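K.L.:
Here is how the chains run, residue by residue.
Protein chains: 2
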Amino acid sequence: MKLSQLFTKTTKDVPADETARNAQLLIQAGFIHKEMAGVYAYLPLGKRVLDNIVQIIREEMDALEGQEISLTALQNKDVWETSGRWSDEAIDVWFRTKVAGGGELGLAPTHEEPLTNLMRRFIGSYKDLPAYPYQFQTKFRNELRAKSGLMRGREFLMKDLYSFSLGEPEHEVFYEKAAKAYQKVFDRLGIGESTYKTFASGGSFSKYSHEYQTISPVGEDTIYVHQAKRIAINKEVYNDEVLAELGLNKDELVEKTAVEVGNIFTLGTKYSEALGLTFSAEDGSVRPVFMGSYGIGPSRLMGLIAEHFADDKGLVWPENIAPAKVYIAQLGTNSVVLEQATELYNRLTATGVEVLYDDRDLRPGEKFADADLMGIPYRVIVSDKTQAAGNYEIKARQAEVAEHVSYEQLLRMLGMST
Amino acid sequence: MKLSQLFTKTTKDVPADETARNAQLLIQAGFIHKEMAGVYAYLPLGKRVLDNIVQIIREEMDALEGQEISLTALQNKDVWETSGRWSDEAIDVWFRTKVAGGGELGLAPTHEEPLTNLMRRFIGSYKDLPAYPYQFQTKFRNELRAKSGLMRGREFLMKDLYSFSLGEPEHEVFYEKAAKAYQKVFDRLGIGESTYKTFASGGSFSKYSHEYQTISPVGEDTIYVHQAKRIAINKEVYNDEVLAELGLNKDELVEKTAVEVGNIFTLGTKYSEALGLTFSAEDGSVRPVFMGSYGIGPSRLMGLIAEHFADDKGLVWPENIAPAKVYIAQLGTNSVVLEQATELYNRLTATGVEVLYDDRDLRPGEKFADADLMGIPYRVIVSDKTQAAGNYEIKARQAEVAEHVSYEQLLRMLGMST
Numbered sequence: 032m033k034l035s036q037l038f039t040k041t042t043k044d045v046p047a048d049e050t051a052r053n054a055q056l057l058i059q060a061g062f063i064h065k066e067m068a069g070v071y072a073y074l075p076l077g078k079r080v081l082d083n084i085v086q087i088i089r090e091e092m093d094a095l096e097g098q099e100i101s102l103t104a105l106q107n108k109d110v111w112e113t114s115g116r117w118s119d120e121a122i123d124v125w126f127r128t129k130v131a132g133g134g135e136l137g138l139a140p141t142h143e144e145p146l147t148n149l150m151r152r153f154i155g156s157y158k159d160l161p162a163y164p165y166q167f168q169t170k171f172r173n174e175l176r177a178k179s180g181l182m183r184g185r186e187f188l189m190k191d192l193y194s195f196s197l198g199e200p201e202h203e204v205f206y207e208k209a210a211k212a213y214q215k216v217f218d219r220l221g222i223g224e225s226t227y228k229t230f231a232s233g234g235s236f237s238k239y240s241h242e243y244q245t246i247s248p249v250g251e252d253t254i255y256v257h258q259a260k261r262i263a264i265n266k267e268v269y270n271d272e273v274l275a276e277l278g279l280n281k282d283e284l285v286e287k288t289a290v291e292v293g294n295i296f297t298l299g300t301k302y303s304e305a306l307g308l309t310f311s312a313e314d315g316s317v318r319p320v321f322m323g324s325y326g327i328g329p330s331r332l333m334g335l336i337a338e339h340f341a342d343d344k345g346l347v348w349p350e351n352i353a354p355a356k357v358y359i360a361q362l363g364t365n366s367v368v369l370e371q372a373t374e375l376y377n378r379l380t381a382t383g384v385e386v387l388y389d390d391r392d393l394r395p396g397e398k399f400a401d402a403d404l405m406g407i408p409y410r411v412i413v414s415d416k417t418q419a420a421g422n423y424e425i426k427a428r429q430a431e432v433a434e435h436v437s438y439e440q441l442l443r444m445l446g447m448s449t
Numbered sequence: 032m033k034l035s036q037l038f039t040k041t042t043k044d045v046p047a048d049e050t051a052r053n054a055q056l057l058i059q060a061g062f063i064h065k066e067m068a069g070v071y072a073y074l075p076l077g078k079r080v081l082d083n084i085v086q087i088i089r090e091e092m093d094a095l096e097g098q099e100i101s102l103t104a105l106q107n108k109d110v111w112e113t114s115g116r117w118s119d120e121a122i123d124v125w126f127r128t129k130v131a132g133g134g135e136l137g138l139a140p141t142h143e144e145p146l147t148n149l150m151r152r153f154i155g156s157y158k159d160l161p162a163y164p165y166q167f168q169t170k171f172r173n174e175l176r177a178k179s180g181l182m183r184g185r186e187f188l189m190k191d192l193y194s195f196s197l198g199e200p201e202h203e204v205f206y207e208k209a210a211k212a213y214q215k216v217f218d219r220l221g222i223g224e225s226t227y228k229t230f231a232s233g234g235s236f237s238k239y240s241h242e243y244q245t246i247s248p249v250g251e252d253t254i255y256v257h258q259a260k261r262i263a264i265n266k267e268v269y270n271d272e273v274l275a276e277l278g279l280n281k282d283e284l285v286e287k288t289a290v291e292v293g294n295i296f297t298l299g300t301k302y303s304e305a306l307g308l309t310f311s312a313e314d315g316s317v318r319p320v321f322m323g324s325y326g327i328g329p330s331r332l333m334g335l336i337a338e339h340f341a342d343d344k345g346l347v348w349p350e351n352i353a354p355a356k357v358y359i360a361q362l363g364t365n366s367v368v369l370e371q372a373t374e375l376y377n378r379l380t381a382t383g384v385e386v387l388y389d390d391r392d393l394r395p396g397e398k399f400a401d402a403d404l405m406g407i408p409y410r411v412i413v414s415d416k417t418q419a420a421g422n423y424e425i426k427a428r429q430a431e432v433a434e435h436v437s438y439e440q441l442l443r444m445l446g447m448s449t
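Heads up: the protein sequence lines correspond to chains A and B, in order.
Under our numbering, the letters of the first sequence match residues 32 to 449, in that order.
Under our numbering, the letters of the second sequence match residues 32 to 449, in that order.
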């Protein structure tokens with residue numbers, strides 16, 4: 032995309048009403064817009080980042096044989112009353128609304144109930160199991176405070192997969208596969224090293240659930256990390272009994288603050304019993320379906336990754352989720368420079384490389400500042416000077432110095448065959 | 032996808048609580064699930080159809096130099112009060128909700144206000160214009176009645192593009208380009224022939240707006256069609272004065288019922304004046320931005336297309352939005368048949384052809400009924416009989432008879448080079 036055509040602009044002004052660094056930077060870079068606390072719109076470059084994160088998660092869910100669906104925001108009160116979660120005591124973040132003609136609806140804070148209810152249409156026999164529907168869907172949570180930017184929203188995007196299994200043994204096998212898929216997602220997003228599978232409190236059917244916690248100074252959670260074993264324990268279950276059970280020694284654990292970026296949870300038959308989701312087993316008995324839930328928040332991840340990699344110049348995106356791989360800064364407007372920059376832009380985009388081409392009439396310093404603030408992995412300069420020297424200048428976002436290279440070298444450095 | 036793995040199932044039972052044919056068929060085929068009147072979840076095959084429709088629209092919006100964004104569902108009351116549209120008198124389909132800690136929010140029934148307000152960040156000078164942001168976003172409308180299936184929802188997907196121009200002349204040029212893009216969308220969706228650009232009532236800035244109306248016996252609108260000129264007039268502006276102005280003769284027009292599938296509207300400076308979206312013109316004067324809006328409802332289109340092409344056997348999808356192109360019905364389970372069917376499935380999917388492979392243990396009639404109900408463009412039979420004869424049986428969804436063809440012919444008929 033040519034920046035002369037992009038309708039957003041960057042700003043040096045730090046938004047006065049934002050305390051979260053991720054939101055400050057994403058707003059300054061023109062990636063998002065704050066509608067109100069905890070409610071953000073995604074602008075073209077922000078939407079690309081979010082879409083890239085979604086696509087990575089989608090690929091890993093498809094690899095688990097997940098089947099993508101899309102449930103609704105508006106929720107039927109009756110279904111949630113059946114499970115006992117309509118009340119404020121059960122879920123304290125409901126948004127509720129009145130429907131024309133009478134009655135009340137909720138805005139989905141999560142989707143266990145509607146999906147369990149829906150699956151009654153399709154699950155009747157052991158032959159119908161297992162099933163792994165998932166979705167990317169907006170969740171609404173009426174948070175009293177929302178001051179962590181994209182990391183805690185009142186309206187935010189969630190990937191939630193649910194497993195429906197014959198029983199606990201089949202569930203356990205899938206649960207472990209899902210755990211591996213989650214680690215792969217975080218690896219691909221560039222935060223695998225900083226993310227720990229963390230033991231957290233479970234429910235009636237499992238002593239523990241597992242959270243994926245990414246170390247971050249702005250995290251709201253406290254975890255105890257075992258670096259070598261790549262696991263951690265959430266403070267909520269950090270006690271001698273649990274340590275003994277997990278065979279961990281207090282001395283080997285380090286206290287950290289972290290952000291929960293995903294969680295996997297054994298639901299057991301809690302919802303299937305409440306809502307009557309049963310199946311006829313091979314032996315003729317009728318049993319409740321055994322369930323699990325698997326959540327990742329793409330918008331929270333975007334906020335976390337923004338915050339995690341940022342430096343004093345701005346955002347720093349990992350290459351596979353960046354809104355573009357290359358930022359071409361065209362300096363000067365003589366016809367040969369223009370021609371070279373255009374040719375490079377066309378060449379890269381023709382082979383599917385995403386490029387932001389800064390063709391605007393701005394000073395070099397302004398272009399460099401934007402390239403840095405936006406966090407584009409590679410900045411390429413095409414200028415009177417490079418043209419005269421017969422080369423191109425390339426600099427990785429976090430490199431100290433730039434390199435001057437030939438056209439062929441440039442293409443190779445950007446991963447293209449020449 | 033193998034049907035033995037797909038978690039949805041078809042049913043012969045017509046849903047008792049649905050009067051709309053589109054919803055009946057889509058529910059029976061397992062494409063959607065009704066949460067409540069006017070609120071539907073999309074299941075794997077339905078989601079594919081919706082995604083295919085979205086992608087066609089996206090390509091045409093990108094060709095118009097639209098830039099994709101994503102605004103929010105939760106709406107700030109203050110912004111809508113500024114434009115005078117918070118009240119029930121202005122918009123009678125608001126869903127409203129209370130926010131924790133006090134205050135009231137709305138669920139977006141449309142997005143002129145938040146976008147106009149947002150664009151104040153980016154538009155200050157004539158150099159910042161034009162701009163064409165667009166989105167695919169859920170709209171919420173608190174309809175008293177919602178009984179047309181996907182064609183009138185309380186929660187539904189909308190593509191809305193907004194144009195921000197220097198003034199009316201620049202706007203007019205884009206408006207005509209958008210009109211052409213819209214026609215292209217409907218052509219690609221297979222309903223171009225039945226869809227008419229229809230003169231409807233305008234606003235303060237333009238005598239007319241334009242709707243795209245598709246002829247349908249279940250339409251809620253009445254239009255007067257000029258077949259040869261490929262235009263129509265909505266009943267609301269059908270009078271002698273308008274006829275004279277458009278140079279049309281009553282005798283040449285035919286009354287039809289139709290469904291509105293899109294509309295384009297000159298907003299002028301209504302919202303930019305109300306919300307203070309101005310720019311400095313080249314001559315130094317400060318002017319309100321001139322706006323237009325361009326809507327298409329992908330979920331309504333899905334309902335309309337389902338209803339439009341359906342026959343007594345079920346759905347009939349145009350090839351480019353079908354959830355799969357080919358339905359392989361494997362009949363019999365001897366090892367050669369299994370091998371042939373699997374080979375064909377792998378061959379087609381490897382080259383990007385979407386296939387539903389019916390590997391279930393069902394009677395032939397049940398498989399044929401499902402292939403028809405789901406509306407898959409081509410049904411291919413691999414059976415003991417075809418295997419013995421050394422051929423394959425292929426039938427287009429609406430063809431009277433099947434053909435027996437060689438493997439090479441089959442691949443050619445499915446658009447593959449051999």
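These aren't lab readings, by the way, just hints derived from the structure by calculation.
There could be a bad hint or two in this list.
Note that the list lumps identical chains together, so a pair holds whenever it fits in one copy or between two copies.
Said to hold, decoys possible - Dumping the calculated DSSO-like pairs for lysine-lysine here, alpha-carbon to alpha-carbon at most 27 Å:
#: 1; residue 1: LYS158; residue 2: LYS40
#: 2; residue 1: LYS65; residue 2: LYS301
#: 3; residue 1: LYS178; residue 2: LYS211
#: 4; residue 1: LYS40; residue 2: LYS301
#: 5; residue 1: LYS158; residue 2: LYS129
#: 6; residue 1: LYS208; residue 2: LYS78
#: 7; residue 1: LYS416; residue 2: LYS78
#: 8; residue 1: LYS78; residue 2: LYS215
Remember, it's a predicted structure, so these values are computed and weren't measured experimentally.
K.L.:
Next, verify each hint and record whether it holds.
P.N.:
Going through the hints against the structure:
1. When the C-alpha separation of LYS158 and LYS40 is checked against a cutoff of 27 Å, the pair qualifies only between copies, where the shortest distance is 12 Å, while the shortest distance within a copy is 55 Å.
2. In this assembly of identical chains, the alpha carbons of LYS65 and LYS301 lie at most 27 Å apart only when taken from different copies (23 Å versus 38 Å within one copy).
3. Within a single copy, LYS178 and LYS211 get their C-alpha atoms no closer than 32 Å, and across copies no closer than 45 Å, so neither meets the 27 Å cut-off.
4. In the homo-oligomer, the alpha carbons of LYS40 and LYS301 lie at most 27 Å apart only across protomers (25 Å), although the nearest pairing inside one protomer, at 49 Å, exceeds that limit.
5. With identical chains, the CA atoms of LYS158 and LYS129 are never at most 27 Å apart, being 40 Å at best within one copy and 45 Å at best between copies.
6. With identical chains, the CA atoms of LYS208 and LYS78 are at most 27 Å apart between copies only, with a shortest distance of 25 Å across copies and 29 Å within one.
7. With identical chains, the CA atoms of LYS416 and LYS78 are never at most 27 Å apart, being 35 Å at best within one copy and 52 Å at best between copies.
8. When the C-alpha separation of LYS78 and LYS215 is checked against a cutoff of 27 Å, the pair qualifies both within a copy, at 22 Å, and between copies, at 26 Å.
Of the hints listed earlier, those the structure fails to meet are numbers 3, 5 and 7, in rising order.
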